[in-house]
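Undergrad: Residue numbers (the working numbering), protein chains in the order written: chain Y, 2 to 327; chain R, 2 to 327; chain H, 46 to 370; chain C, 46 to 370.
Note that these hints are calculated values from the structure, not bench results.
Wrong hints could be hidden among the right ones.
[Unchecked claim] Here are the simulated lysine to any residue pairs, SDA-like style, with alpha carbons at most 20 Å apart:
no. : chain 1 : residue 1 : chain 2 : residue 2
1   : R       : K10       : R       : Q279
2   : C       : K364      : H       : K242
3   : R       : K188      : Y       : I163
4   : R       : K188      : Y       : N165
5   : Y       : K188      : R       : G203
6   : H       : K87       : R       : K188
7   : R       : K188      : Y       : E204
8   : C       : K351      : Y       : E90
9   : R       : K188      : Y       : R224
10  : R       : K10       : R       : S219
11  : H       : K364      : C       : F325
12  : C       : K351      : Y       : T317
13  : R       : K188      : Y       : E251
14  : Y       : K188      : R       : G200
15  : R       : K188      : Y       : P197
16  : H       : K351      : R       : T317
17  : R       : K188      : H       : E99
18  : R       : K188      : Y       : G228
19  : C       : K351      : Y       : E314
20  : C       : K351      : Y       : D312
21  : R       : K255      : H       : H79
22  : Y       : K10       : Y       : D312
23  : H       : K351      : R       : P311
24  : H       : K351      : R       : N34
25  : Y       : K188      : R       : I163
26  : Y       : K188      : C       : E99
27  : H       : K364      : H       : L266
28  : R       : K10       : R       : Q269
29  : R       : K188      : Y       : D194
30  : Y       : K188      : R       : G228
31  : C       : K351      : Y       : F309
32  : C       : K364      : H       : R323
33  : C       : K351      : Y       : G228
34  : C       : K87       : Y       : E251
Note that this is a predicted model, so its numbers are computed, not measured.
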Amino acid sequence: MEPAPEQLKEMYRTMWRIRLFEEEANRQQAFGNVQGSFHMYIGEEAVAVGFCAHLRSDDYIVGTHRSHGHFIAKGGRIERMMAELFGREGGICRGKGGSMHVADFSVGMLGANGIVGGGFGPATGAALASQLRGDDRVTVCFFGDGAMQRGTFHEAINIGAIWNLPVIYVCENNQYQQWIPQRRMTKVTSVRDMAPSYGIPGESVDGQDVLAVSEVASRAIDRARTGGGPTLIECVTYRFHGHSPGDLQEYRDKEEVEYWRTERDPIQLLRTYLIERQQLGEDEDAAIRAAATVEIESAVAFAEASAFPPDEEIVTDVYVDAAAAS
Amino acid sequence: MEPAPEQLKEMYRTMWRIRLFEEEANRQQAFGNVQGSFHMYIGEEAVAVGFCAHLRSDDYIVGTHRSHGHFIAKGGRIERMMAELFGREGGICRGKGGSMHVADFSVGMLGANGIVGGGFGPATGAALASQLRGDDRVTVCFFGDGAMQRGTFHEAINIGAIWNLPVIYVCENNQYQQWIPQRRMTKVTSVRDMAPSYGIPGESVDGQDVLAVSEVASRAIDRARTGGGPTLIECVTYRFHGHSPGDLQEYRDKEEVEYWRTERDPIQLLRTYLIERQQLGEDEDAAIRAAATVEIESAVAFAEASAFPPDEEIVTDVYVDAAAAS
Amino acid sequence: MRTMTFRDALNEAIHEEMARDDRVFLIGEDIATHGGNLAVTKGIPEAFPDRIRETPISEAAIVGIAVGAALAGMRPVAEVMYIDFVTIAMDEVVNQAAKMRYMTGGQASVPMVLRLPCGLARYSAAQHCQALESWFMHVPGLHVVVPSTPRDAKGLFPTAVREPDPVLFLEYKRIYSLEGEVPEAVEPIPLGAADIKREGEDVTVVAVGPMVSKALEAAVLLEDEGIDIEVVDPRSLSPLDVDTLVASARRTGRAIICAEDALMAGCTAEIACAVSERCFTDLAAPVKRLAALDVPVPYSPPLADKVVPSVEQVVQTVKDVMDEG
Amino acid sequence: MRTMTFRDALNEAIHEEMARDDRVFLIGEDIATHGGNLAVTKGIPEAFPDRIRETPISEAAIVGIAVGAALAGMRPVAEVMYIDFVTIAMDEVVNQAAKMRYMTGGQASVPMVLRLPCGLARYSAAQHCQALESWFMHVPGLHVVVPSTPRDAKGLFPTAVREPDPVLFLEYKRIYSLEGEVPEAVEPIPLGAADIKREGEDVTVVAVGPMVSKALEAAVLLEDEGIDIEVVDPRSLSPLDVDTLVASARRTGRAIICAEDALMAGCTAEIACAVSERCFTDLAAPVKRLAALDVPVPYSPPLADKVVPSVEQVVQTVKDVMDEG
Ligand SMILES: Cc1ncc(C[n+]2csc(CCOP(=O)(O)OP(=O)(O)O)c2C)c(N)n1
Ligand SMILES: Cc1ncc(C[n+]2csc(CCOP(=O)(O)OP(=O)(O)O)c2C)c(N)n1
Ligand SMILES: [Mg+2]
Ligand SMILES: [Mg+2]
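Let the hints inform the model, and build the full structure from the sequences given.
TA: Take a look at the structure:
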């Protein structure tokens with residue numbers, strides 16, 4: 002079922018917010034305001050957006066090391082993520098996590114993860130919590146094509162399957178794992194082909210086409226929510242930037258990158274689609290970008306205005322603050 | 002290709018040696034001469050024997066926590082295994098390993114393992130050693146149906162596959178993992194169905210029929226030896242005894258056990274086959290058992306004659322003995 | 046007062062916590078069959094059929110799932126069949142459970158208990174007999190609890206379940222059958238509260254887990270020789286109640302630290318250091334450690350029996366310390 | 046003498062060992078691309094194309110495969126990209142590699158090196174900055190090596206490769222770029238041989254890994270104040286050269302143990318204990334530990350910078366110890 006025009010525009014808007022957030026964060030990274038590990042999601046926006054469009058605010062998602070997009074798509078507070086990247090006390094994790102650990106529990110974003118494949122167990126566990134409580138929340142577990150080779154993929158999906166948990170395993174197959182082409186590290190041509198090992202449905206979808214993603218996502222989420230159990234979904238996508246800043250990218254052809262950037266940009270694809278159907282006018286398009294730009298600018302302002310955490314913060318949050326908790 | 006009668010009789014003999022070894026060890030366990038974890042292979046003999054019949058002495062095998070049968074089938078020194086179970090210094094591991102750690106490196110038996118699924122990596126590594134050296138050895142990795150759910154299964158087989166290593170992954174599907182029926186822990190009906198996840202051939206075979214096992218084994222071993230890469234093979238089998246001594250076995254029906262013991266005993270099946278084809282006479286049959294009985298009796302005598310290791314042995318073999326090594 | 050075994054006391058505590066709070070559930074291998082691998086979860090499947098989950102042999106997932114369920118508001122009690130297998134789930138314990146609160150700036154809470162049967166038992170050799178408390182002491186964000194008596198098991202378990210941060214609950218297998226007095230109702234015992242199991246004047250013997258009853262036996266033997274030892278049980282190793290240990294050592298002027306983990310970089314090193322640092326001018330003799338040999342645990346029963354410290358070794362070490370000053 | 050970085054010294058050592066022995070091969074993630082994740086394996090794919098294996102993201106398999114290849118007669122040098130991820134392969138390290146020789150009564154040999162880049166760097170937060178040496182010191186059957194200078198890296202690596210038992214080779218990421226003198230030919234440095242990096246009279250400063258250069262800097266500052274410290278680098282933590290440490294502490298009468306791992310149950314606890322036990326009557330002040338804070342490593346740069354001991358802290362601790370006695 003095709004999303005309503007307003008819903009599509011909302012997706013379009015969210016993709017722009019992700020894109021502009023990251024472009025700005027990348028600039029800030031170059032300036033030295035953002036330190037640490039930093040992995041850009043640009044090019045893959047349709048995946049996070051296509052899935053999160055169908056999630057409720059009390060549903061859960063579990064991210065990866067490349068999770069700015071997941072955070073924004075799930076409705077996380079963007080200015081607090083920027084402050085997090087700046088390492089400030091106004092950061093969503095009070096500056097303690099940084100890019101690889103962004104999380105916003107107020108909207109069910111249970112955290113990025115510095116451990117590739119570290120999210121399979123926790124995502125499955127969040128889904129188990131829903132099942133035990135008898136609520137109808139759904140958990141979406143995002144992971145990379147590289148993460149698929151971790152043992153945790155196998156262990157957790159098997160359990161998700163035998164217990165029929167409300168969880169969707171979403172492989173963001175951007176075709177590279179750090180500097181290595183995915184095809185060298187598996188003999189399987191599609192991640193979907195691994196679903197039979199767990200006796201669950203598998204799907205593969207064009208991850209640049211947010212409509213396609215949205216459709217597959219909607220079906221899988223509905224199924225999970227109504228007791229139909231897990232689905233394994235591959236979204237074929239591409240990261241436009243290097244694995245992390247300074248990546249020389251000698252492992253892939255410039256033409257390949259160029260092709261994806263120009264022909265397969267999920268934002269441009271949706272834009273063309275909307276414009277062709279006259280669901281988006283030039284003005285509205287400009288307004289969407291302008292609003293996103295303003296939002297990102299104010300996120301930077303928020304981050305800059307926030308102080309670095311005081312030294313005492315080094316030792317807090319290791320354990321619950323007993324005084325505060327009681 | 003059917004094995005020659007002499008080869009079949011050799012398999013028959015080896016199955017008896019395993020059976021009688023374990024029956025005796027089990028008695029010794031009841032007497033208290035054998036302590037520690039103790040898992041019996043009786044009922045599953047055709048698997049180890051059907052595979053090892055096609056291995057050279059310089060090929061490698063990697064076992065499980067249930068490895069007396071693998072040890073004997075690969076040609077390990079039986080009296081030294083008995084002494085090991087007795088915890089004596091004449092034991093194959095000088096009494097330090099016990100049942101879960103029997104190994105005989107002189108015949109390529111690289112060790113049982115107390116960690117379920119602990120063998121996948123090491124087996125794959127042994128096969129990598131052969132590939133790096135350019136020798137034509139093959140490694141057989143035995144594992145249980147329960148081990149299939151460990152992450153190591155997934156990680157190691159994927160690497161075995163992408164590197165095309167000379168290794169055969171053999172699932173001894175005895176339908177239980179400790180006290181839990183395998184079917185509760187996976188939605189897959191045959192382990193073979195997981196082979197496509199790794200892009201390698203998968204087979205499933207009646208593990209009580211040593212001829213069938215032998216045929217599948219021979220093909221897979223030949224393929225591995227000639228550069229054809231790994232195979233994933235399921236042997237459907239059954240353990241006649243409990244998981245370990247004292248197992249109440251409330252989790253399975255007595256009738257089921259009875260059925261497998263009487264109708265599906267791999268030794269009796271082969272015996273009937275040989276007798277029907279007049280490849281084995283009553284006398285020869287009796288002689289085979291008698292010889293095995295004598296062998297086991299002398300193994301017990303050897304074990305009893307061996308002393309417990311002296312106290313100083315507690316601290317040796319933690320690291321190489323520098324004096325001895327130089 | 047009624048007496049019961051450590052196993053039964055723990056079982057009772059599990060029952061009570063599950064009855065009290067329906068967010069508590071059990072997850073692990075073979076826990077709902079035959080009363081569980083080591084018969085600790087007897088009766089739970091009947092009493093709480095919906096809150097006990099038997100898993101495949103997937104330790105990394107067991108712990109990872111517990112982390113996720115805890116993040117989502119449940120109170121998982123996970124079991125890894127033997128502590129030796131927690132090696133498979135160290136990422137989940139160390140990088141996920143322990144660090145989540147910190148990495149999220151306090152947003153996340155991981156209120157989970159990880160039950161870890163540990164130590165020697167039944168001659169099951171090197172991969173089934175380990176004691177690994179010092180690894181977990183070294184990881185900020187974890188609590189490490191080592192009960193030594195049925196009563197402490199009964200009192201520490203509810204504390205562990207109610208704790209908002211992850212607790213590793215170490216169960217020395219050899220004391221499951223230890224009998225002891227357990228009141229009908231036991232107050233939850235706070236973490237970080239050492240317990241003086243026997244008062245004494247001459248030597249402070251800090252004893253962890255199964256060393257507690259050995260130290261108490263040694264005390265009786267030493268009494269005959271006119272030596273009066275104080276036996277202090279830290280009960281939790283993280284947090285560690287250094288104050289109580291130090292106060293005792295200051296009073297007696299001598300301290301021995303006894304545990305069943307391997308000597309090198311073991312829990313005895315941390316405890317001995319903590320005491321030494323603060324009692325430099327108070328001690329008549331150096332703090333001594335009594336721990337397991339630095340070897341994998343051998344199978345052969347006569348060898349295995351010599352790996353961890355015996356009552357006789359406690360007695361001898363106390364005498365040595367008395368002789369030294 | 047020529048100078049080079051720690052990274053280049055190690056790279057040269059890898060080249061030389063691979064040229065010397067064709068059983069040596071490398072296995073790990075991204076090691077053959079862009080010179081490896083931390084640029085240590087530069088040039089190896091060109092020089093030894095058949096002996097470098099890039100793997101999927103499968104740490105348990107990487108180490109398990111190394112164990113198997115070692116059992117079958119090869120000399121694997123495995124890399125886990127950051128020590129934080131060795132948590133995924135602890136079964137392979139602890140239950141397989143470390144215990145194989147013992148469990149098989151000496152039949153098995155596991156001559157493998159596990160390279161573990163560790164410690165803080167580039168503000169990569171709690172899951173990419175750990176220092177876990179004490180875990181491995183606690184496991185009988187493992188060797189633990191922590192080079193602190195380019196020269197030691199060059200001398201310790203061949204020893205590690207030639208060792209018949211598994212060696213964990215800890216590479217503090219922040220010292221990859223440290224420059225130092227390295228002779229054209231470096232003799233392999235035996236394990237268990239501490240090195241006195243600076244002789245001094247007043248205080249023994251035992252320094253592990255990156256703390257060595259900080260201690261040397263502190264020495265210069267302290268000289269101005271008339272305090273003369275001796276800086277001792279254990280170089281391997283298992284085996285640990287207690288004799289050299291004790292001899293130094295006896296001579297100076299004061300000892301401080303400095304490392305970058307977390308304080309509680311860290312490597313400083315074991316070293317401090319070993320010295321305290323044997324120097325009871327020789328010391329003018331208690332042995333002091335200087336280690337990382339007991340916290341996960343925070344991202345925020347100003348906080349992260351305060352987690353491990355600084356030169357100033359070394360200076361201050363030395364002064365405190367001088368004041369104490
Ligand atoms: C367990 C683990 N191993 C290795 C790494 C280092 N690492 C970080 S990202 C990455 C590549 C991940 O590839 P993929 O899962 O495809 O995600 P992508 O980066 O392509 O989004 C690697 C190897 C890690 N963080 N965790
Ligand atoms: C990693 C690990 N988890 C759990 C155990 C405890 N355990 C020993 S044998 C066993 C069942 C194994 O089942 P399977 O692999 O099917 O082998 P089988 O016993 O049937 O031969 C279990 C759970 C173990 N030894 N190692
Ligand atoms: Mg990828
Ligand atoms: Mg089985």
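Undergrad: Indicate, hint by hint, whether the structure satisfies it.
TA: Taking the hints in turn, this is what the structure says about them:
no.: 1; hint: R:K10 - R:Q279; result: 12 Å, holds
no.: 2; hint: C:K364 - H:K242; result: 40 Å, violated
no.: 3; hint: R:K188 - Y:I163; result: 6 Å, holds
no.: 4; hint: R:K188 - Y:N165; result: 10 Å, holds
no.: 5; hint: Y:K188 - R:G203; result: 14 Å, holds
no.: 6; hint: H:K87 - R:K188; result: 28 Å, violated
no.: 7; hint: R:K188 - Y:E204; result: 18 Å, holds
no.: 8; hint: C:K351 - Y:E90; result: 16 Å, holds
no.: 9; hint: R:K188 - Y:R224; result: 18 Å, holds
no.: 10; hint: R:K10 - R:S219; result: 17 Å, holds
no.: 11; hint: H:K364 - C:F325; result: 18 Å, holds
no.: 12; hint: C:K351 - Y:T317; result: 14 Å, holds
no.: 13; hint: R:K188 - Y:E251; result: 42 Å, violated
no.: 14; hint: Y:K188 - R:G200; result: 5 Å, holds
no.: 15; hint: R:K188 - Y:P197; result: 9 Å, holds
no.: 16; hint: H:K351 - R:T317; result: 14 Å, holds
no.: 17; hint: R:K188 - H:E99; result: 15 Å, holds
no.: 18; hint: R:K188 - Y:G228; result: 16 Å, holds
no.: 19; hint: C:K351 - Y:E314; result: 11 Å, holds
no.: 20; hint: C:K351 - Y:D312; result: 8 Å, holds
no.: 21; hint: R:K255 - H:H79; result: 16 Å, holds
no.: 22; hint: Y:K10 - Y:D312; result: 44 Å, violated
no.: 23; hint: H:K351 - R:P311; result: 11 Å, holds
no.: 24; hint: H:K351 - R:N34; result: 19 Å, holds
no.: 25; hint: Y:K188 - R:I163; result: 6 Å, holds
no.: 26; hint: Y:K188 - C:E99; result: 15 Å, holds
no.: 27; hint: H:K364 - H:L266; result: 11 Å, holds
no.: 28; hint: R:K10 - R:Q269; result: 13 Å, holds
no.: 29; hint: R:K188 - Y:D194; result: 15 Å, holds
no.: 30; hint: Y:K188 - R:G228; result: 16 Å, holds
no.: 31; hint: C:K351 - Y:F309; result: 13 Å, holds
no.: 32; hint: C:K364 - H:R323; result: 18 Å, holds
no.: 33; hint: C:K351 - Y:G228; result: 49 Å, violated
no.: 34; hint: C:K87 - Y:E251; result: 14 Å, holds
Checked against the numbered hints above, the structure violates hints 2, 6, 13, 22 and 33; every other hint is satisfied.
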